[in-house]
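J.: Protein chains in written order, with the working numbering: chain A, 1 to 1001; chain B, 1 to 91.
Read the hints as simulated data drawn from the structure, not as lab findings. Predicted model, so just to flag it, every value in this text is computed and none were measured. Just so you know, not all the hints are guaranteed correct.
What the hints assert, rightly or not - Some chain A residues near chain B, calculated using beta-carbon distances under 10 Å:
(1) N167
(2) D171
(3) G437
(4) T749
To be verified - Simulated restraints on C-beta separations:
(5) I49/B / F598/A: 30 to 38 Å
(6) E11/B / M557/A: 31 to 39 Å
(7) Y82/B / F609/A: 37 to 45 Å
(8) A40/B / N156/A: 48 to 56 Å
(9) E11/B / T229/A: 37 to 45 Å
Quick reminder that beta carbons are idealized off the backbone N, C-alpha and C, glycines included.
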Amino acid sequence: MTQNLRVKSSEFIDETNRISFKFDGKTYYGFKGDTLASALIANNVHLVGRSFKYHRPRGIMTSGSEEPNAIVQVNPNSNITEPNARATEIEIYEGLEASSQNCWPSVNFDIGGINNFLAPLFPAGFYYKTFMWPKSFWEKYEFFIRHSAGLGKSPNTRDPDIYDHRNIHCDVLVVGAGISGILAAKNAAKNNFKTLLLDEKNELGGSIIFEANEDNKINYNSAFEWLKTEINELKNIKNLEIKTRTSVAAYHQYNYLLARENLTDHLVKKDKKNKIRQRLLKIRAKKVILATGALERPLIFNNNDRPGIMLSSAIKKYGNFYGVACGTKNIFFTNNDSAYESALSLHNKGIKVEAIIDIRENSDAKIIKKINDAGIKIYWAHTIVDTRGYKRLSGVSIMKLSNDGTSVTGSKISISCNCLGIAGGWTPAVHLYTQSGSKLTFDEERKIFIPKADTKEQISVGSCGGDFELDEIITNLNYKLKNFLNINKTDFEGITLENDHETSKRNIWLLPSDQTIGKTKPFVDYQNDATAKDIKLALREGFRSIEHVKRYTTTGMGTDQGKLGNMHALGIIADIAGVKMGELGTTTFRPPYTPLTFGTIVGRNVGEFFDTFRRTPMNDWHIKNKAEFENVGQWKRSWYYPKENETMHQAVQRESKAARQSAGLLDASTLGKIDIQGSDASEFLNRVYTNAWSKLAIGKCRYGLMLNEDGMVYDDGVTTRLSENHYIMTTTTGGAANVLGKLEDYLQTEWPELDVYLTSVTDHFATASLCGPNSKKILNKIIPDLDLSDNNFPHMSFKEVLIDKIKCRIMRISFTGEQSYEINAPASYGEAIWQKCIEAGKEFNITPYGTETMHLLRAEKGFLIVGQDTDGTMTPIDLQMDWIVSKKKYDFIGQRSLYRSDTMKEDRKQLVGLLTEDPNIVLEEGAQIVSELNQKPVEMLGHVTSSYFSPNLNKSIALAVVKDGKNMMGRKLFVPMENKNISVTVANTVFYDEKNERLNA
Amino acid sequence: MFLINCPYCGERDQQEFKAGGEAHIERPKQPTELSDNEWAEYLFMRKNIKGVQFERWNHAHGCRKWFNMARDTSNDEIKAIYKMGEKPPTQ
Ligand SMILES: [Zn+2]
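Same shape as in the complex, but just chain B (with noise of 0.2 Å):
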C-alpha cells in the first residue's frame, strides 16, 4: 500500500488514488491524418517495463487532480511525483 505524496494535497494512503496507466501519451492533434497502426499505436500499444515507468495518477478521493509518477515497478519505489504537463524527471 503506497503513501503517495499528492502534489496538491500531500502524503495520502493509495486507497484514496486511482492509477490511470502509462504518461506522457500525447492524443495526436489531428487523428483524422493518421493511418490506421499510427492510430493504434496510440489507442492500444502500452509499455510494462521493469524498473522506471512513468505513470499517471488521480487523487480520485481526494482534490481529483491528475498528475505524474515514476515509479520503480521492480520494487514500488516512487521515484518522483510532478504535476501534469511538466516534463519527466532526467534519473
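Just chain A, with the same shape it has in the complex (with noise of 0.2 Å):
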C-alpha cells in the first residue's frame, strides 16, 4: 500500500508538474523539484537497500551528498546503468527508473539477509583473518565473498555520454552557497573581485532555506526571508558566474580545484539529447573561500540503522523544503537543541511527535517552553536502548542514562514510532579545507575539528569554520572578509541579528545499553557496517593508528568516507585508549569528495582524442597499397604489405627476400632528426657520442652510441656533418623526445659555455629508404646527372642533390647490410619522392618494406635495437660493440661508468647470436634460457631478444642476452617452452655477410 505523505505545499516543489518513476520496477509519482529520496518517503518508502556486510535493512538516512544507505543503480536495466548514486542527489525526472542495490533477489527478501544472524562469523577484520588462515578455507570463503560483496553494478557497454572539461580563473572562488557563501560572493564581486560560486544543490540558500526558525531573525524579519532577497540580488551582480550542482571534487595546492558541474543528469530523456552531460571545471582561484558548512552527526546506539531511523535535520529539510513527512509518528533523539526545532517544525504542520529524548540533564533554550506548550513529552537525561522493527522502524526502548553516562538505570520505557530523528550534534565539512593540505585543531570543548589558521589565499566561513550561531557566524564572516579582501566595509555590515544560544552540552560517542556491548549493534559507519563493538575488538586486538583501525574495520572507507560516522569513530577510540581526540588526530579526507564517473575525469579524451597519433608523409600511399600499421609510440609505421591472401609471415618472408635480392623500399620518416649547429658542435659531439666526432670528414656518415651516465646504452643512430659546423643527428623513433630532452639539458647545465644549438626537424624531413643490390641502379634513374660510383658517393656519406627542383639529403647508409640510400626530402615533398622510387624501381622489382621486414633484415646482420636487444643494463661491451668505445678520449657521458667494478665484471649479461638445432624452430622473444634441463632452482642464464626466421639463410635466427655470453661461443643451452625443450647453440651475432662484401657489391 502507498500512502501520501506529501503534508505541505512547497515553493520549491512543482505540484502542477507531477513526474512518474520507478523504483525497483514499481511506478511511483513525485513532482518536479523532488530528489528521488523525497519522492520515495512521499509514496511511504523507506526501505531502499541492503548493508554491505549484514545485509542489513536500510532506509534513507540524511539529504544529502553525506548519504551513507540510499545508494541506488540508475538505468538498472540498461547496459549503461550507473552503479552507487545517491537516492538523496538524485532529481528525479519523467521515466527515471532506479533500484536498490546490494540485495538478491530483491530488497524485501534478501539472501544474504542471513549474514546478519551469522554476525558473530564477521568480525572486524574478517576478511583479513579470512585471508590469512587457514589457507585451503579461502577457496571455500571465496565463492560466498564473491557473491555478496560489491556495491551495485557496472555499465558493460562504452559510456556514450558527452563529457567535457573547462578551465576556469578567476580572483575568488566561493565554494558553498548557504548564507555565508553567498555573502562572501555577493561581496567579493561588488569589490571587483572575478567571482565564481559553486554549490552542489540546485537551489542556493544552504540550510537557512528549510530552516523555519523563528527565533533566527535578521533585521527583525525571518533570516531565510532576508536571505531570499540578497539571493534575488545575486543576478543582478556583474563579476559573478554562479554554478549550481556543482560539487567540488578536490581541492589541491596552490588553489587549483576540480568540480563537476552536473549539467543534464536531472532532465528527461529527449532533452539529455546531443547535450554535455558533465563538465569537470579545472579551477585555478586566487583566492578559496570555503563556505562548505557542517554535517550533522548521527548518535551511535544499539540498532540505530533500520529503516526510519534518520538525521534529524534530514526530516526537517524533508518537511520544509520536499513538503513530505517523513512518518506519521515521529520521536527525536538528540544531544542538543537543533531537534527542538525539527520537532517543531513537524508539530506545526501536524504532523505527530510522540517525544523527544534528550541525554542531556536539561536545556534553557527558548525552544524548550514551546516544545513543552505543544505538549510534546521530553525525556531528560535518558537514552534509547534499543529499537524494534525489520524493514520499518517501529518503536523505540528507553533509559535513564548514569550520570557518568556509561550505563543506564531504572525501568524500560517502550515508545512506538515509524520515524526516529537523530541529532548528535555538527561536524564542519572540512574535507576540502584538509585535501588543500591545512591543517585541524580540535576543539576539545565542542568536540569538532576545526581550520587551525585562515591565510592569505583561503579562508574557511560560516559552519564548515566552526561557526553554528547565526550572530557568530554573520560577525566573523564580517570580519574575515574584510581582512581577507582587504575591503573597508562589507555590505551586510550592521545587521541585527536576533537568535538562540545553545548553552547545555553532552557528549557521548557510544550510548550505553542495558545489554552487554557484544550483544549489541551500534552501527558507526552504516555504509561499511562497521560498529562500535568492531573497533574495540581492533583495539583489543593491539591496534592504535587510528588509521590502522580505519583499514582493519572498514570505517570510513565506503563511497561516503564515513561523513557520517568518521567522528564517533574517533571519539570512541580515544576514550578507550584514555586519550584526547586531539592527540589521536584524524584520517585523511581524500579527493573526491563526492565519486565522480571515469567520464568526467577524461572529458573529451577518448576513442580517437584518447591520445595524440602522428603519421608519415607517405601515409596516404600505405593505405592505398594496403599496409598494416603498428603503433611505434605515438607513430603509426608501415609493419608490412600483405599481397591478396598472404599472412604476416608470408608477407615478411617476401619483402626479406626481395630487399637482398633486388630493391627494397623503407618509409624511414619517424627516425628522430636533430639539427645541431655552432662552433662546438663537433665538441658536443665528442661528449655525447661513445667514439670521436673531430675528424669526420664534411659529407660524411658517422654510427654512434649514447650512453647514460651509468654507462649503459641509451639511444643510437648515423650523423651526418653537413659542413663545418653543422651536423644531422639521427636518434631512433621511439628516443627522439628524450634524447633532444637529454642533450639539452646538458648543454644548458652542464656545458653552458659550449656554443651549439639544438632543433628537432624529425616532423620537417621525410626519408624513403632504399636498398638492396639494384639500389644504385634506380637512384641513378632518378638522378641521372649523380656520379653514384663507390668513389663519388661512398658508403657513409652524403650528397645534397635537387630531384625536380627539391632539394634532398641523400645519405648512403645501411641497417639491413645492402647497399642503401636514404633520401631525405622536405616533408611535404615525402610522398612524391617515395612516388618517384616506386616508379623508378619497377623494373627492378621493388617491393615496400615494412617495420617487420626491417628488424628481421638488420638481426641477419646482427644489428641491435636500443629498447629490443638492450633494455637499460647493457653497456657497449656487453654488446660486444667495444669497436666503437673511443678509448683515447678523455670523457664523455658514460664513459667513468664504464670502468666501474661493476660494469668490468667479465660474466656480465653479453649479447650473443642464438641458433637452433632444428632449423626450423623459431625461438619466442623473451623466452628464458638455461644450461641444465634438470637443475633445481634452475638458473637463468638470460633470454632472446630477437627472434626470426631467415628467409635468406633458410633458417632461424636469434639474438640472446647470456650471461658470459662472450665466453660461450658453440656451447649447447636450452631454452625450456611449456611443452618442449628447444636446444640451441651459442653464435656469432652476425648470421649474413659477415665480412660486410655486399655493402659496396
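Join these two chains into a complex; the hints should help.
T.: Encoded structure:
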C-alpha cells in the first residue's frame, strides 16, 4: 500500500508538474523538484537497500551527498547503468528508473540477510583473517564472498554520454552557497573580484532556506526571507558566475580545484540528447573561500540503523523544503537543541511528534518552552537502548542514563514510532580544507575539528569554520571578509541579528545499552557495517593508529568516506585508549569529496582522441597499398604490406628476400632527427657519443652510440656532418624526444659554455630508404646527373641533390647490410619522392617493406635495436661493441661508469647470437635460457631478445643476452618452453655477410 | 598541482613542467680521476629530505629551459625559483 505523505505545499516543489518514475520495478509519482529520496518518502517507501556485510534493511538517512544507505542503481536494466548514485542527490524526471543495490533477489527478501544472524562470524578484520588462515578455507569463503560483496553493478558498454573539461581562472572562488557563501561571493564580486560561486545543490541558500526557525531573525525579519532577497540580488551583480549542481571534488595545492558540474542528469531523456552530461571544471583561483557548511552527526546506539531512523535535520528538510513527512509517529533523539527545531516544525505542520529523548539533564533554550506548550513529552537524561522493526522502525526502548553516561538505570520504557530523528551535533565539513594541505585543530570543548588557521589565499567561513549560530556566523564572516579581501566595509555590516543560543552540552560517543556490547549493534559506519563493537575489538587486538583501525574495521572506507560516523569512531578510540581526541589526529580525507564518473575525468579524451598519433607524409600511399600498421610510440608505422591472402609471415618472408635480391623501400620518416649547429658542435658530439667525432670529414656519416651517465646504452643512430659547424643527428624512433631533452639538459646545465644549438627536425623531413643490390640503378634513374660510383659517393657519405627542383639530402648508410640510400626530402614532398622511387624501381620489382622486415634484415646482420636487444642494463662492452668506445677520448657521457667494478665484470649478461638445433624452430622473444634442464632451482642465464626465420639463410636466427655469453661461443644451451625444450647453440651475432661485402657489391 | 613561475615565461601550470631531481650536483670535471666510490656518490646518491630541498625543473612544454627551485617538501611551498648557474638563496 502506498500512502501519500505530502503534507505541505513547498515553493521548491512544482505540484503542477507530476512526474512518474520507477523504483525496483514499481511505478511511483513525485513532483518536479523532488529528489528520488523525497519522492520515495512521499510514497512512504523507506526500505531502499541492504547493508554491505550483514545485508540489514536500510532506509534513507540524510538529505544530501553524505548519504550512506540510500545508494541506488540508476537505469538498472540498461547496459549503461550507473551504480552507487545517492537517492538524496538524484533529481527525479519523467522516466527515471532506479533500483536497490546489494540485495538479491529483492530488497524485501534478501538471501544475504542471513549474514545478519551470522554476525558473530563477521567480526572486524574478518576478511583479513580469512585470507590468512587456514589457507585451505579460502576457496570455500571465496564463492560466498564474491557473491555477496560489491556495491552495485558496473555498466558493460562504452559510456555514450558527452563529457567536457573547462579551465577557469578567477580571483575568488566561493565553495558552498549557504548564507556565508552567498554573502562572501556577493561582497567579493561587488568589490571587483572576478568571483565564482559553486554549490552542489540545485538551489542556493544552504540550510537556512528550510530552517523555518522563528527565533533566527535578521533585521527583525525571518532569516530565510532576508536571505531570499540577497539571493535575488545576486542576479544583477557583474563579475559573479554562479554554478549550481556543481560539486567540488578535489582541492589541490596552489588553489587548484576540480569540480563536477552536472548539466543534464535531472532532465528527461529527450532533453539530455546531444548535450554535455557533466563538465569537469579545472579551477585556478587566486583566493578561495570555503563555505561548505556542516554535516549533522548521528548518535551511536544499539540498532541505530533501521529504515525510518534519519538525521533530525534531514527530517526537517524533507518537511520544509519538499513538503514531505518522513513518518506519521515521530520521535527525536538528541544531545543538542537543534532537534527541538525539527520537532516543532513537524508539530506545526500537524505531524505527530511522540517524544523527544535528550541525553542532557536540561536546556534553557527558548525553544524548550514551545515544545512544552505543544505538549510534546521530553525525556531528559535518557537514552535509547534498543529499537524495533525489521523493514521499518516500529518503536524504541529508552532508559535513564547514569550520571557518568556509561550505563543505564531504572526501568525500560517502550515507545512506538515509525520515524526517529537523531541529532548528535554538527561536524564542520572540513574535507576540502584538509585536502588543500591545511591542518586542523581539535576543539575539545565542542568536540569538533576546525581549521587551524586562515591564510592569505584561503579562509573557511560559516559552520565549516566552526561557527554554528547565526550571530556568530555573520559577525565572524564580516570580520574575515574585510581582512581577506582587503575591503573597508561589507554590505551586510550592521544588520541586526537575533537568535537562540545553545548553552547546555553533553556528548557521549557510544551510548550505553542495558545489554552487553557484545549483544548490541551500534553502527558507526552504516555503509560498511562497522560497529562500535568492531572498533573495540580492533583496539583489543592491539591496533592503536587511527589509520590502522580504519582499515582493519573498514570504518570510513565506503563511497561516503564515513562522512557521518568518522568522528564517533575517533571518539570511541580516544575513550578506550584514554587519550585526547586532538592527540589522536584524524584520518586523511582524500579526493574526490563525492564520487566522479570516469567519463567526467577523461572528458573529451576518448576513442581516437585518447592519445595523439603521428603519421608520416607517405601515410596515404601506405593505406592505398594495403599496409598493416604498427604503433611505435605515437607513430603509425607500416608494419608489412600483405599481397592478396598473404599472412604476415608470408609477406615478411617475401619482402625480406626482395630487399636482398633486388630492391626494397622503407619509410624511415619516423627516425628522430636533430639539427645541431654551432662552433662547438664537434666537441659536443665528442662528449655525447662514445666514439670520436672531431675528425669526421664534411659530407661523411658516422654511427654513434649514446650512453647514460651510468654507462648503459641509451640510444643510437647515424650523424652526418653537413658543414664545418652543422650536423644532423638521427635517433631511434621512440627515443627522439628523450634524446633531445637529455642533450638540452647537458647543454643548459653542465656545458653552458659550449656554442651549440639543437633543433628537432623530425617532422620536417620525410625519409625513403632505398636498399638492395639494384638500389644504385634505381637512384641513377631518379638523379641521372649524380655520380653514384663508390669513389664519388661511398658508403657512409652524404650528398645534397635536387630531385625535380626539390632539395634532398641523401645519406648512403645501411641498416640492412645491403647498399642503401636514405633520401630525405622536405616533408611535404615525401610522398612525391616515395612515388618516384616506386616508379623508377618497377623494372627491378622494387618491394615496399615495413618495420617487421626491417627488423628481420637487421637481425640477420646482428644490428641491435636499442630497447629491444638492450634494456637499460647493457654497456657497449656487453653488446660486443668495444670497437665503438674510444680509448683516446678523455671524457664522454657514461665513460667513467664503464670502469666501475660492476660494469667491468667478465660474466655480465652479453649479447650473443643463438641458433636452434632444428633450423625450423623459431624461438619466442622473451624466452628464458638455461644450461641444465634438470637443475633445481634452475639458473636463468638470460633471455631471447630478437628472433626470426631468415628467408635469406633459410633457418631461424636469434639474438639473446646470456650471462658470460662471450665465453660461450659454440656452447649448447636450452630454451625450455611449456611443452618442449629447445636445444640451441651460442653463435656470433652476425649471421649474414659477415665481411660486409654486399655494401659495395 | 603547483603553479610554477618559470623565470623565462611567468606563472604556468605544473602540467607544463618536468621535475629533474636534486639540484647543484655538478658533473665532475675529471671523472676518470675519481675512485669508484666518488663516482658512485655523484651518480647515485641523492638526498630526500623533509623540508626545503633544491631541485631542478624543466619547462618541458614551454620554453624548454632548465631552472632551479627551492621547495619545501613537507607542504610543497615553493620558496624560490632561480636560473641555472645562480646560487641557491640563503633562507
Ligand atoms: Zn618557460
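J.: All hints are to be evaluated individually against the structure, with a verdict given for each.
T.: Each hint, compared with the structure:
1. N167: OK, holds: N167/A within 10 Å of chain B, min 9 Å.
2. D171: D171/A check fails; min Cβ-Cβ to chain B is 14 Å, beyond 10 Å.
3. G437: holds (6 Å)
4. T749: Since chain B brings a Cβ to about 5 Å from T749/A, closer than 10 Å, the hint holds.
5. I49/B / F598/A: 30 to 38 Å: Holds, at about 37 Å.
6. E11/B / M557/A: 31 to 39 Å: holds (38 Å)
7. Y82/B / F609/A: 37 to 45 Å: holds (38 Å)
8. A40/B / N156/A: 48 to 56 Å: holds (53 Å)
9. E11/B / T229/A: 37 to 45 Å: Because 39 Å falls inside the window, the suggested range holds.
Violated hints amount to a single one, hint 2; each of the other numbered hints is respected by the structure.
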